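Student: Starting from the given sequences, assemble the full structure and let the hints guide the process.
Chains as they are written, first to last, in this note's numbering: chain A, 3 to 299; chain B, 127 to 409.
In case anyone wonders, no lab produced these hints; they're calculated from the structure. Keep in mind that the hints are not guaranteed to be accurate.
Now the in silico label distances, taken between C-beta atoms and shown as ranges [said to hold, decoys possible]:
{"no.": "1", "chain 1": "A", "residue 1": "Val299", "chain 2": "B", "residue 2": "Glu185", "range": "55 to 61 Å"}
{"no.": "2", "chain 1": "A", "residue 1": "Gly142", "chain 2": "B", "residue 2": "Glu185", "range": "31 to 37 Å"}
{"no.": "3", "chain 1": "B", "residue 1": "Thr150", "chain 2": "A", "residue 2": "Glu275", "range": "33 to 39 Å"}
Quick list of in silico lysine to any residue cross-link-like pairs, SDA-like style, CA-CA up to 20 Å [claimed, not checked]:
{"no.": "4", "chain 1": "B", "residue 1": "Lys246", "chain 2": "A", "residue 2": "Pro222"}
{"no.": "5", "chain 1": "A", "residue 1": "Lys145", "chain 2": "A", "residue 2": "Asn185"}
{"no.": "6", "chain 1": "A", "residue 1": "Lys31", "chain 2": "B", "residue 2": "Lys325"}
{"no.": "7", "chain 1": "B", "residue 1": "Lys342", "chain 2": "A", "residue 2": "Gly9"}
{"no.": "8", "chain 1": "A", "residue 1": "Lys256", "chain 2": "B", "residue 2": "Lys177"}
{"no.": "9", "chain 1": "A", "residue 1": "Lys57", "chain 2": "A", "residue 2": "Lys132"}
{"no.": "10", "chain 1": "B", "residue 1": "Lys325", "chain 2": "B", "residue 2": "Gly277"}
{"no.": "11", "chain 1": "A", "residue 1": "Lys216", "chain 2": "B", "residue 2": "Glu144"}
{"no.": "12", "chain 1": "B", "residue 1": "Lys323", "chain 2": "A", "residue 2": "Lys132"}
{"no.": "13", "chain 1": "A", "residue 1": "Lys31", "chain 2": "A", "residue 2": "Ile16"}
{"no.": "14", "chain 1": "A", "residue 1": "Lys132", "chain 2": "A", "residue 2": "Phe94"}
{"no.": "15", "chain 1": "A", "residue 1": "Lys256", "chain 2": "B", "residue 2": "Pro354"}
{"no.": "16", "chain 1": "B", "residue 1": "Lys177", "chain 2": "A", "residue 2": "Ala111"}
{"no.": "17", "chain 1": "B", "residue 1": "Lys246", "chain 2": "B", "residue 2": "Val212"}
{"no.": "18", "chain 1": "B", "residue 1": "Lys351", "chain 2": "A", "residue 2": "Pro222"}
{"no.": "19", "chain 1": "A", "residue 1": "Lys256", "chain 2": "B", "residue 2": "Gly221"}
{"no.": "20", "chain 1": "B", "residue 1": "Lys177", "chain 2": "A", "residue 2": "Arg17"}
{"no.": "21", "chain 1": "A", "residue 1": "Lys31", "chain 2": "B", "residue 2": "Ala222"}
{"no.": "22", "chain 1": "A", "residue 1": "Lys216", "chain 2": "B", "residue 2": "Lys351"}
The model shown is predicted, which means the values in this text are computed figures rather than measured ones. Don't be surprised by glycine CBs; every beta carbon is placed ideally from N, CA and C.
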Amino acid sequence: MKDHAPGITRRDFIRGTAFAALSTTLGMKAAAEAPSAAAEEEKFTSTVFIVRDQKALDDLHRVNREAASEMLDKVMCAVAGKEDAKAAWQTFVKPEDTVGLMPTSHLNATHNEITELVREKLTGAGIPAKNIVNAQGRSGVHKTCTVLMPLPNLKAHWLTGFGTVLKNYIQLGGNPPAYHGENSKDLGRIWNMPDVKGKTKVVIVDALRPLFDKGPQVDPQYLWHYNGIIAGTDPIAVEAVCVKIVQAKRDAFKGESWPLSPPPICLEAADKEYHLGCSDLAKIKIVKMGWEDGALV
Amino acid sequence: MRATYEVPREVNGWVRTEHPRRVTAANIFDYMDGAGELYLAYAFVGLDVWKFTRAEAPEILVEIYEMGNSADAFGVLSFDLGGEEVGVGQKSVYGAGLLRFWQGRHFARILAEAETPDAKAALLKVGRSIASDLPGAGTLPELVVRLPEAGLLPESVHYFHRKMCLDYFYYLADDNILNLNKETNAVIADYRTASGKAKLLVVQYDSSDSCAEASKSFHAVYLRKGLPEAGAIRSNEIEGGQWVSSLRNANLLLIVFEGESQKDCEELLQAAVSSLTQGGKGL
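Tutor: See the structure below:
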């Protein structure tokens, strides 16, 4: 018989003895604690910004480019703490930078309009067009970039539980299957690789039409119009808020607790083991702008 | 040998691409990075992909998956049985512009880029046409056929082999504590019970020894208990007032999770073992 070392089980999530913050986010804890006093302003270690616009998509799911452009400006001004959009983008990139855009390339891909708008905003902020490249994939382009800009689409993932911010860099690790299943815990390792570490200044998530189950292959019954863009400088905090939104949507869809499965253990590991940011929602300030109905956080 | 079937050239003004894109295990990740594992977790043989286009209308994507056996074609469909039965193939589900159906050794997935009345009518017509031309009727997996009917929530049935699938249906542990592999057959399903709901997992191993080994592993890691006798039900109350009960019968391991009472769990286990081994033949 295989000699099993007692590893992590579902019961650890229910007890909250492993991945406590994550099990709270997923609603798996048997006795969920009431929101703590940590919700006080001074206890926040990260801030995540959500902008939403009811007009961002039409009935055929087409992007309203004008609305999306305004949303991008608004959220970037908020993240940078600037009044002017151009100045906001310049907070994160300089004319001499080579910026690698990292959109989700296929299967519930980032909307082209978002990627193109980001490109336009960057050129408007003084980055030469030739210095803005698509760095997604295993081509090694990211190695020549001084800034990497994750532009993932918001989605659940059947193999890793979640597939948005952390998983956005999976191709940069060179061997995606090595980060699936239980190995997905180590997705954070990629962010600390020499050609990646320190290059991420801001994360922008396309949450216009997220997928709340069975990603990446799209089943449209699990897509919905959230009409949002989510951004922040702490990638793990952004991911944690995204997980919360998707988890809330799942529970609402079924009318009962429907935890993401498998649990996206990479989230808390990215915080505790790889020190990439904050995964504890109690320590994350969420700033919401625009359309409020159905914000889910 | 590849099956041959006809895909209509034109339906309601939508015209298909001339030739399909052929996807095999060797290049499936080029086609669907991050999703190919699902099909490889079953007996995947190959996939043909067509696109149907019409001016000013949503594109329709047609994917016909050829599997090594009909049980696994059903298994892929059972990844999600939620949706409207629209009478295509041996079983179909439709929702929000996606039609999925099972016919013999084939699983089909037909997706409209956006759901419109015209696109829905066209994709259903394409699906019916293909289904009527796909060869042979398949048989459901024995484990599925023999699930006890009383209380079964049919949309919750999932048939599978590998741990990665169980992780999605019901995450149990990081380690493969049930020793699942491509040779194990498994089904998981939700049931209504006297007190509420419970989840039944049945795993069929290649031998009673393999089953005992997996049972020992499960009890050691998940319940921190020793191996119970074959044929004896063991019930444990765990966190949150949930009950877990298990039973080993020859090469079958049956476990009920999330029962609201010991009685619920044990009644479901007894019904299951009776149904699965009826006639004394076992599986």
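Student: Compare the structure with each hint and give your call.
Tutor: So, going through the hints one by one against the coordinates:
1. The supplied range of 55 to 61 Å is broken by Val299/A and Glu185/B, whose beta-carbon atoms lie about 34 Å from each other.
2. With their beta carbons about 33 Å apart, Gly142/A and Glu185/B fall inside the hinted range of 31 to 37 Å.
3. Taking the beta carbon of each, Thr150/B and Glu275/A are about 37 Å apart, inside 33 to 39 Å as hinted.
4. About 13 Å separates the Cα atoms of Lys246/B and Pro222/A, which keeps this hinted pair within 20 Å; it holds.
5. With a C-alpha separation of about 24 Å, the suggested pairing of Lys145/A with Asn185/A is violated against the 20 Å cut-off.
6. Taking the CA atoms of Lys31/A and Lys325/B, the gap is about 18 Å. The hint holds against a cut of 20 Å.
7. Under the criterion of a C-alpha separation no larger than 20 Å, the hint pairing Lys342/B with Gly9/A is consistent with the structure, at around 15 Å.
8. At most 20 Å may separate the alpha-carbon atoms for a hinted pair to count; Lys256/A and Lys177/B exceed this at roughly 33 Å.
9. Among the hinted pairs, Lys57/A with Lys132/A is inconsistent with the structure: their alpha-carbon atoms are about 32 Å apart, more than 20 Å.
10. Using a Cα cut-off of 20 Å, the hinted pair Lys325/B and Gly277/B holds, with the two alpha carbons roughly 11 Å apart.
11. Taking the CA atoms of Lys216/A and Glu144/B, the gap is near 30 Å; set against the 20 Å cutoff, the hint is violated.
12. Annotation: proposed proximity of Lys323/B to Lys132/A is violated, straight-line Cα distance about 59 Å (limit 20 Å).
13. Pair hint Lys31/A plus Ile16/A holds up; C-alpha atoms about 4 Å apart against a cutoff of 20 Å.
14. A C-alpha spacing of about 18 Å is found between Lys132/A and Phe94/A, which places the hinted pair at or below 20 Å, so the restraint holds.
15. At most 20 Å may separate the alpha-carbon atoms for a hinted pair to count; Lys256/A and Pro354/B exceed this at roughly 36 Å.
16. This hinted pair checks out: Lys177/B and Ala111/A have alpha carbons roughly 18 Å apart, not beyond 20 Å.
17. Distance restraint check for Lys246/B and Val212/B: the Cα-Cα separation of roughly 11 Å lies within the 20 Å cut-off, and the hinted pair is therefore satisfied.
18. Note on Lys351/B and Pro222/A: the hinted pairing is violated, with a Cα-Cα distance of about 43 Å set against a maximum of 20 Å.
19. Between Lys256/A and Gly221/B the alpha-carbon distance is near 15 Å, which keeps this suggested pair within the 20 Å criterion.
20. A distance of roughly 48 Å separates the Cα atoms of Lys177/B and Arg17/A; the hinted pair therefore is violated under the 20 Å criterion.
21. With a CA separation close to 33 Å, the supplied pair Lys31/A and Ala222/B exceeds the 20 Å bound.
22. For a cut-off of 20 Å, the pair hint linking Lys216/A to Lys351/B is broken: about 34 Å separates their Cα positions.
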